[in-house]
Amino acid sequence: MLSKGLKRKREEEEEEEEKETLAVDAWWLDPSHSAVAQAPPAVASSSLFDLSVLKLHHSLRQSEPDLRHLVLVVNTLRRIQASMAPAAALPPVPTPPTAPSVADNLLTSSDAALSASMASLLEDLSHIEGLSQAPQPLVDEGPLGRPAGGASPSLGALDLLGPATGCLLDDGLEGLFEDIDTSMYDSELWTPVSESHKSSPEDGPGKEVGPDLDEAELDYLMDVLVGTQALERPPGPGR
Amino acid sequence: MGEDADTRKINHSFLRDHSYVTEADIISTVEFNHTGELLATGDKGGRVVIFQREPESKNAPHSQGEYDVYSTFQSHEPEFDYLKSLEIEEKINKIKWLPQQNAAHSLLSTNDKTIKLWKITERDKRPEGYNLKDEEGKLKDLSTVTSLQVPVLKPMDLMVEVSPRRVFANGHTYHINSISVNSDCETYMSADDLRINLWHLAITDRSFNIVDIKPANMEDLTEVITASEFHPHHCNLFVYSSSKGSLRLCDMRAAALCDKHSKLFEEPEDPSNRSFFSEIISSVSDVKFSHSGRYMLTRDYLTVKVWDLNMEARPIETYQVHDYLRSKLCSLYENDCIFDKFECAWNGSDSVIMTGAYNNFFRMFDRNTKRDVTLEASRESSKPRAVLKPRRVCVGGKRRRDDISVDSLDFTKKILHTAWHPAENIIAIAATNNLYIFQDKVNSDMH
Numbered sequence: 001m002l003s004k005g006l007k008r009k010r011e012e013e014e015e016e017e018e019k020e021t022l023a024v025d026a027w028w029l030d031p032s033h034s035a036v037a038q039a040p041p042a043v044a045s046s047s048l049f050d051l052s053v054l055k056l057h058h059s060l061r062q063s064e065p066d067l068r069h070l071v072l073v074v075n076t077l078r079r080i081q082a083s084m085a086p087a088a089a090l091p092p093v094p095t096p097p098t099a100p101s102v103a104d105n106l107l108t109s110s111d112a113a114l115s116a117s118m119a120s121l122l123e124d125l126s127h128i129e130g131l132s133q134a135p136q137p138l139v140d141e142g143p144l145g146r147p148a149g150g151a152s153p154s155l156g157a158l159d160l161l162g163p164a165t166g167c168l169l170d171d172g173l174e175g176l177f178e179d180i181d182t183s184m185y186d187s188e189l190w191t192p193v194s195e196s197h198k199s200s201p202e203d204g205p206g207k208e209v210g211p212d213l214d215e216a217e218l219d220y221l222m223d224v225l226v227g228t229q230a231l232e233r234p235p236g237p238g239r
Numbered sequence: 001m002g003e004d005a006d007t008r009k010i011n012h013s014f015l016r017d018h019s020y021v022t023e024a025d026i027i028s029t030v031e032f033n034h035t036g037e038l039l040a041t042g043d044k045g046g047r048v049v050i051f052q053r054e055p056e057s058k059n060a061p062h063s064q065g066e067y068d069v070y071s072t073f074q075s076h077e078p079e080f081d082y083l084k085s086l087e088i089e090e091k092i093n094k095i096k097w098l099p100q101q102n103a104a105h106s107l108l109s110t111n112d113k114t115i116k117l118w119k120i121t122e123r124d125k126r127p128e129g130y131n132l133k134d135e136e137g138k139l140k141d142l143s144t145v146t147s148l149q150v151p152v153l154k155p156m157d158l159m160v161e162v163s164p165r166r167v168f169a170n171g172h173t174y175h176i177n178s179i180s181v182n183s184d185c186e187t188y189m190s191a192d193d194l195r196i197n198l199w200h201l202a203i204t205d206r207s208f209n210i211v212d213i214k215p216a217n218m219e220d221l222t223e224v225i226t227a228s229e230f231h232p233h234h235c236n237l238f239v240y241s242s243s244k245g246s247l248r249l250c251d252m253r254a255a256a257l258c259d260k261h262s263k264l265f266e267e268p269e270d271p272s273n274r275s276f277f278s279e280i281i282s283s284v285s286d287v288k289f290s291h292s293g294r295y296m297l298t299r300d301y302l303t304v305k306v307w308d309l310n311m312e313a314r315p316i317e318t319y320q321v322h323d324y325l326r327s328k329l330c331s332l333y334e335n336d337c338i339f340d341k342f343e344c345a346w347n348g349s350d351s352v353i354m355t356g357a358y359n360n361f362f363r364m365f366d367r368n369t370k371r372d373v374t375l376e377a378s379r380e381s382s383k384p385r386a387v388l389k390p391r392r393v394c395v396g397g398k399r400r401r402d403d404i405s406v407d408s409l410d411f412t413k414k415i416l417h418t419a420w421h422p423a424e425n426i427i428a429i430a431a432t433n434n435l436y437i438f439q440d441k442v443n444s445d446m447h
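As you go down the protein sequences, you meet chains A and B in turn. Under UniProt numbering, residues 1 to 239 are what the first sequence spells out, in order. Under UniProt numbering, residues 1 to 447 are what the second sequence spells out, in order.
FYI, nobody ran anything at the bench for these hints, they're computed from the structure. There may be inaccurate statements among the hints.
If we take Cβ atoms under 7 Å as the criterion, some of the chain A residues that face chain B in the derived model are [unchecked claim]:
1. SER59
2. ARG61
3. SER63
4. GLU64
5. ARG68
6. LEU72
7. MET84
8. LEU225
Every residue gets a Cβ at the ideal spot worked out from N, C-alpha and C, and that includes glycine.
Kindly produce the complete structure, drawing on both the sequences and the hints.
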């Protein structure tokens, strides 16, 4: 577990046999005030941060994740990140660079569009091959649950984002949803712009690519993607 | 919270009539019908079990209005979405009864994607004495027919027949979390994470989208719909709650697409209680109009709140369900318990509200006396016909004999689904795969 800490002392006489109890290990949480945000030690925030990233990963790995859970975790991550930003010494931020592509799968699902009042007939058709990708290999996280950004070879082009800066939080979590654009599922299927977000040039054996795209187009798209990332990457100090 | 003696007086005394163990499947929804005669439960296996209250009989005074199984049927089956390579769970998320309009009963049941209308009919008579058919239904040899007889209806063993009358499919991309029948008895709505659709009960091939909060760019998604309900009397009004803790009252007369709310109910964040988890614990997991239609009841992670429809700025009443968890939010976040969705319920007169908690505890709050009680739904702690003993959770400090300490609460035993009889003091509590029905045996003139 990421957030291991010292166990709070218990009243001995009140201890009964434990069933599924809480891990009362929030040593950084002074029981007298629950407003963690008021005085968050950098280390505490970082542990929560790691935990949240882990949860986000886990959520994204589901075939059909709970949207509410996902949104709440992301919003919490944003809060933590906001509180960590001014902190001087940040621990190395874990990089889940694959998050964006996995997020595609669930945040862009298909609309049946049977409702009479819905305007578009071709709204939000999911890419079948996009869905089959769900890069499970990426989930090979280290024992501490930190996404080993560099260790997963199937990341392919996403590695170009750079292990340290490809962190989804560099752009204030925008990177997470950056690739998610429902317009890619409009009537113009197989448009090059959309494809770039779905498949990496180094497709694994199990992955299917849209038959209409060729390598050149994919390379171009990856360049665009990397170029965009480079522009947006803040010239910050070591992260 | 009052002293022990006082808490026993609150909400009278509850006797445990009946504990019905469903077949190892986790109950996912509980709902009384409009008269309280029938109680429906849905479970994770897609099954619906309907209980019927036995009429009180002088011959058997002990079985005053006990609930017995009336019908069981498979509502939803697991499905596979081939387009997305996803399995669709058969778990019943919600059941809502239609007001009874003839001898048959009807209910809507829904899983994540598909809503079904079921008709429940009784057959207790059978025609006998056909002229052309014999008892087994085979055609008679005409030469043996010498006289005419009039077929008569003879009583037979009661048979309850359930048939699916409508299937409302393909209306939702995201997971359906609520359904609500309109007071006009012709339409109903279904809500998923991002959209709400309006259906006509007789039309299955189309629905109208009345709320859509899906952002143009999914990267801007920060809020989802968590629950919704029609107003009990005004067929044009409905409310929906969000993961950010806000409620939006919408008027369907204002526009076809009710993205603009008529009223927004939101309580400002308490700065002294701010934490990283403020938003998660403010996420509303259930919203229920009062029977009067004047108030709304909402449940978030730590509290239940009563809102007056005429006041948007803040709730008029807030009740702490388990405030002792406030200092444990980090651990609850870690084990995902902080995402549990508890339901809430009004009693028939809107004077008492009820909601579930952990350790198989459930809580009741009397709005008039401001007293509250914690009760436990478990076979170990209550025998049939016994009075439920109020429980207490101690946070440290002085501890009484039967108190439970916060650290020994069992967080796997959560009471998420509860229901209150529309008129009487009868409650149904779903504790994982067990259904408890508690009745108040105290005569009304005693309190």
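Here is how each hint holds up against the structure:
1. SER59: At about 10 Å, which exceeds the 7 Å cut-off, the nearest Cβ of chain B leaves the hint on A:SER59 violated.
2. ARG61: Interface hint status for A:ARG61: violated (13 Å vs cutoff 7 Å).
3. SER63: holds, 5 Å
4. GLU64: holds, 5 Å
5. ARG68: For A:ARG68, the interface hint holds, since the closest Cβ of chain B sits about 5 Å away, which is under 7 Å.
6. LEU72: Holds, because the Cβ-Cβ distance from A:LEU72 to chain B comes to roughly 5 Å (cut-off 7 Å).
7. MET84: violated, 11 Å
8. LEU225: violated, 15 Å
Going down the numbered hints, you'll see the structure goes against 1, 2, 7, 8, while the others check out.
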